[in-house]
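Asker: The listed protein sequences derive, respectively, from chains P and G.
Numbered per the numbering used here, the first sequence spans residues 1 to 671.
Numbered per the numbering used here, the second sequence spans residues 1001 to 1671.
Treat the hints as calculated values from the structure; they're not laboratory data.
Given the structure is predicted, the values throughout are model-derived calculations rather than measurements.
Treat the hints with care, since some could be wrong.
Simulated pairs of lysine-lysine, DSSO-like, Cα-Cα distance not exceeding 30 angstroms [stated by the list, open to error]:
| no. | chain 1 | residue 1 | chain 2 | residue 2 |
| --- | --- | --- | --- | --- |
| 1 | P | Lys360 | P | Lys220 |
| 2 | G | Lys1191 | P | Lys191 |
| 3 | P | Lys220 | G | Lys1094 |
| 4 | G | Lys1241 | P | Lys191 |
| 5 | P | Lys224 | G | Lys1191 |
| 6 | G | Lys1220 | P | Lys220 |
| 7 | P | Lys224 | G | Lys1241 |
| 8 | P | Lys94 | G | Lys1220 |
DEER-style ranges, computed between Cβ atoms [said to hold, decoys possible]:
| no. | chain 1 | residue 1 | chain 2 | residue 2 | range |
| --- | --- | --- | --- | --- | --- |
| 9 | P | Arg571 | G | Pro1110 | 51 to 61 angstroms |
| 10 | P | Glu600 | G | Lys1567 | 23 to 33 angstroms |
| 11 | G | Lys1588 | P | Val487 | 45 to 55 angstroms |
Here a beta-carbon is modelled for each residue, glycine too, at the ideal position from N, C-alpha and C.
2 protein chains.
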Amino acid sequence: MKGKRLLKTVAVALVMGVSYISLGSVLESEPAFSNLIPVPREVLVGEGRFRIDDTFTVKVSGEPDERMYPAASRFLRRLDQRTGLFLPQDYVEKGENLSEVGLEIVVERPGQVNLGEEESYHLSVTAAGVRIEAETDLGAMHGLETLLQLLSADDRGYYFPVSSISDMPRFPWRGLMIDSARHFMPLDVIKRNLDGMAAVKMNVLHWHLTEDQGFRVEVKSYPKLHEMGSDGMFYTQDQLKEIVAYASDRGIRVYPEFDVPGHATAWLVGHPEMASLPGPYEIERGWGIFDPTLDPTKDVVYEILEAVFTEMAAIFPDEYFHIGGDENEGHHWDKADHIQAFMKERGIADNHQLQSYFNKRLIPILDELGKKMVGWDEILQPDMPTNIMIHSWRGQDSMVAAAKAGYSSILSNGYYIDLMQPASDHYLVDPLPADIDLNEDQRSRVYGGEATMWSEHVTVETIDSRIWPRTAAIAERLWSDQSVDDVEDMYRRLDTIALQLEELGLTHLKNRAMMMRRLAGGYETEPLRVLADVVEPLKIYRRNSDLSYRSYSPYTLLPDVAVADAKDARRFGALVDQYLEMGGAEDKAAIRAQLEEWSENHTALSQLAARSPALREALPLSEALRDLAELALSSLDGEATESAAILERAREPVAKVELQVVDAVERLLAK
Amino acid sequence: MKGKRLLKTVAVALVMGVSYISLGSVLESEPAFSNLIPVPREVLVGEGRFRIDDTFTVKVSGEPDERMYPAASRFLRRLDQRTGLFLPQDYVEKGENLSEVGLEIVVERPGQVNLGEEESYHLSVTAAGVRIEAETDLGAMHGLETLLQLLSADDRGYYFPVSSISDMPRFPWRGLMIDSARHFMPLDVIKRNLDGMAAVKMNVLHWHLTEDQGFRVEVKSYPKLHEMGSDGMFYTQDQLKEIVAYASDRGIRVYPEFDVPGHATAWLVGHPEMASLPGPYEIERGWGIFDPTLDPTKDVVYEILEAVFTEMAAIFPDEYFHIGGDENEGHHWDKADHIQAFMKERGIADNHQLQSYFNKRLIPILDELGKKMVGWDEILQPDMPTNIMIHSWRGQDSMVAAAKAGYSSILSNGYYIDLMQPASDHYLVDPLPADIDLNEDQRSRVYGGEATMWSEHVTVETIDSRIWPRTAAIAERLWSDQSVDDVEDMYRRLDTIALQLEELGLTHLKNRAMMMRRLAGGYETEPLRVLADVVEPLKIYRRNSDLSYRSYSPYTLLPDVAVADAKDARRFGALVDQYLEMGGAEDKAAIRAQLEEWSENHTALSQLAARSPALREALPLSEALRDLAELALSSLDGEATESAAILERAREPVAKVELQVVDAVERLLAK
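Excised from the complex, chain P in its bound form (with noise of 0.2 angstroms):
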């Protein structure tokens, strides 16, 4: 097989049996290749097409795992249903007699869900049948995401494009962490993240299960930790195996995070005894950084961490094991006094000392067990054993320390897609820059990164649209090769993964309506659906700096509704510009079409909100959208307006989201 480089920021493509010259002719014709999400690390471009119709079957040869075959069953569900092709076989099943299947699988041997596990595939489409080629089935599991991703359509039906895929990861450790302790969530919505996550070829879910908010698992040896510390709403341990067979089904590694001595309130409403300072305490409903803290004196507080600790070992296999160890400010230890006596007693200087002290008494119980330790950044004290995993959250910085000293490392640094940044600013963190002050050893401990979900302020109903499909850009930095970086090239491609990952069940894009018609009272909900478009939810930890919201408050009103990329406010600011440098009078019609949708919602807005109070503290924003849209139209008519105090007052943040559309209209207005 012939092939000639094709510089694309998108796809490292080559051709197959295509000149150089009709290549791109090829990929108009083939937008399926250009869509493709992470990017694969090879793809050869054919010319044909292998269509699918209701005969195709697909088989599985070699010695995969147990999982392939209801995987490869999921796959044909998929297709079907995006199809609507009556696809013949109900499950595919070892060791079936098929003739002229339509997909090959065939792999190696079994995959380990571990660290480091071959993941790579081939992938090839030929105009006689696929071929997905795997060492491990996860690689082959990869392989039929791909697959699904190249699905075509003519004039003559469905079909995969003559191809041929080399891929394989750049990163080990592509994790989404998510917070279940915060505001619970139930196992369906678990489920169907990991199978988001496939989709994007994720690898790793990093469950965080207890916080001052809650103790969401069932410990049988201390039953009072969750049927005290979480208001009804914990995993049994039936439902955590379930969800730790689930994932490793689709390749997925769970490992959970028991986050001590802080963030611990909730540990401490069953077992007072575990604390620096006498209770009584209770659940905690606000969001911050709280006091409560585990005595690390106190024997009590190792037997029962070795407890829980020991349960858990036997839920979770995965040789991984997160303590947490975060913004432990450690209040409480400055005011008792047997921690006081404690310290000065073992010339332990400081609460640094004190919890690295408490750490280290965690490592033999974590060793015994089998399981090696992951902290975020604050567990790295000079005297911490190099076994340990670092999880880098406060900057690259400590991350690079890490690996210098010797710490193998993840980054969720430029990851916190809690924090409502738009796809962008995660796409363009990699956990190893070119220009990374590390060796190829030090390189080589750094593992991946993890998008992170804190859920603060996300629930059932948001969680998804939080998710998704920003972390499919994160997916990709840590699976696609690194030059791969062009940011409007991703926006595109997740628009169209975002539609595939409803098939899966995420509630990214319905829920969505779902919310507007509640916040609006009713079915009709354009207007709303206008002002969503062009505004974001504040940004970082600027949302709740009023200290406004608990745990139970209602998440139903704008901010819940927007998401971190507002669509028609990027959509707008790109034809801004292109009419800046270009002119074209299309363009400067596209820009007054808009403006003067803008410029009339406010009214349309306000007729809905009269029914609806809880629409009613957007109007202010509503109405610095008409007056910015305003000025911009009379700009655009040549007519020159005082219009400081309109883009002053548009910037202003109301109702807990901000518009996004004020710079380019500043743009506009500086022509």
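Position chain G relative to chain P; hints supplied.
Answerer: Just chain G, lined up with the frame of chain P:
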């Protein structure tokens, strides 16, 4: 409190401190009274409003069951999620010391979730606050649902209108049957539908758990039943208990159905020794009535049934237990020599008598477990004892016969929501029509009815849109006074409750948008929406008359997007009738606008179909709609056109759906 009766189709409204003359305007300014579903027994309408602000709290007094507290907490969350108010109370707890509560709930005694338990409530709203009084928490929870339906808004914010409502159900058995056997339904589907049931005051979940296509419960004594009979899709016993508890918390009984001796193929996969003819057996993938049948002559059959029933009796505390018994045609009995010999030996004349023999052997098993047998019509044979209950599916006649013979009964004939009939068809079916030929004693044994959600043609994605909102019409029939029967008003209220049901996680509205995006292969779905809103899936048993469907077929196409009450078709029909009666120019213009939309839609839909082959089978229908619309437009313009061929074509089913606007166009043409 003086009251004057007002005749109104919807509510038995009475006046409270309002002159009779002004009542009409009160109802106009308080539309919430006209939105209640099911309509309460007595509504006293007052003047004034109780304002809800962010100090609103709830207090529970008296001696309710523990379930009352989380129920009151859920009420608070639904209230703040709708209103956006940051209510101060996290959880409603026993013995809270609250001053100035917004709502006080007073309950005399704990409710028992059993047939016939007291469910009445009294709800009073004054300008100073709300009070719900009930003998049991079951009644109080109904009162909370009514109160949420009363939520109103004006320019000052949210409020409840002053009123006094006394309410109680007409029938004690108001059920929904969910078939989790043909298509397996995960726990979250069951849970959200239980919430939906509670919202319209239904109180029985009849859970159909075994079928030819699947044995869906874990059986510890005979694990091959679920291991080999379910494709891995079954409920563990813990999960069954979870559902029973979840339902009980909402005042809903759950009783299981194990359909025997027919509909039992899935039992035989793991236990062929239970079959009438030698195996092996495979899980059935088609839909229909199948021959595999339990062998009534073998002791092992009763041993296994006793073991299954015993395990299930420990999980389902309800006193009723459904053994199915329907549609056994006995073909395998006819073919089995040993069964024929057995019949001859015992003087069993025919298969009906043999099934009676079988059923009678189950009675002592159920007696021993403290359960009353329920079965479909067919179990009613002359020699059956009268302590069994007859579930009537074949018609009212069988129900009357059962009542006359001394049996208790419930009705499902007329409530088969899987048959995709309009809500009006179900709404007008009454378990006890005024002219029924039964005396008072016999009437007292007609306990109520059940909507039946058979799941051949529904999946996780579509089941909610088949159950809701139509089932609310059946719920009203079973709860409200017999005189409440205005079809147009019912449809108006269904539109309102459909929105409110969304807040419970039900997907009847939002999944449709998702399914249209998948079917259209993109975000643009409006042309598909236009078509989908005038078609309905083939009704009764016509959808699968060609036997094209299997359990794993794609249910993601036009008939799955369509619902039983095509919205635009219903609206258009009413518009045409109004125009024909009144001849208004405005109606004529509206008709013309609608016809023009349909006329133009075909081109737009064809463009969508160009990228989405799954849509193409719908194009002939879209074309027929265009031709029909153009025919009607010509007629409006006074042009005579040959119509027979166009009408005939428009009546033809295409792609498993049919146009619902042909009659209206024909009426228009006949003008």
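Asker: If a hint holds in the structure, say so; if it does not, say that too.
Answerer: Outcome of the hint check:
1. Among the hinted pairs, Lys360/P with Lys220/P is consistent with the structure: their alpha-carbon atoms are about 25 angstroms apart, no more than 30 angstroms.
2. At roughly 16 angstroms between alpha-carbon atoms, Lys1191/G and Lys191/P fall within 30 angstroms of each other, so this suggested pair holds.
3. Between Lys220/P and Lys1094/G the alpha-carbon distance is near 27 angstroms, which keeps this suggested pair within the 30 angstroms criterion.
4. With a CA separation close to 21 angstroms, the supplied pair Lys1241/G and Lys191/P stays within the 30 angstroms bound.
5. Taken as a hint, the Lys224/P and Lys1191/G pair is honoured in the structure, with Cα atoms around 27 angstroms apart against an allowance of 30 angstroms.
6. Restraint check for Lys1220/G and Lys220/P: satisfied, since their Cα atoms lie roughly 23 angstroms apart, inside the 30 angstroms limit.
7. Using a Cα cut-off of 30 angstroms, the hinted pair Lys224/P and Lys1241/G holds, with the two alpha carbons roughly 22 angstroms apart.
8. The suggested pairing of Lys94/P with Lys1220/G holds, with an alpha-carbon distance near 27 angstroms, which does not exceed 30 angstroms.
9. Between Arg571/P and Pro1110/G the CB atoms are about 58 angstroms apart, so this pair conforms to the stated range of 51 to 61 angstroms.
10. Against the hinted window of 23 to 33 angstroms, the Cβ-Cβ separation of Glu600/P and Lys1567/G comes to about 27 angstroms, which satisfies the hint.
11. For Lys1588/G and Val487/P, the hinted distance range of 45 to 55 angstroms is satisfied, since their beta carbons lie about 53 angstroms from each other.
Hint violations for this structure: none, all hints satisfied.
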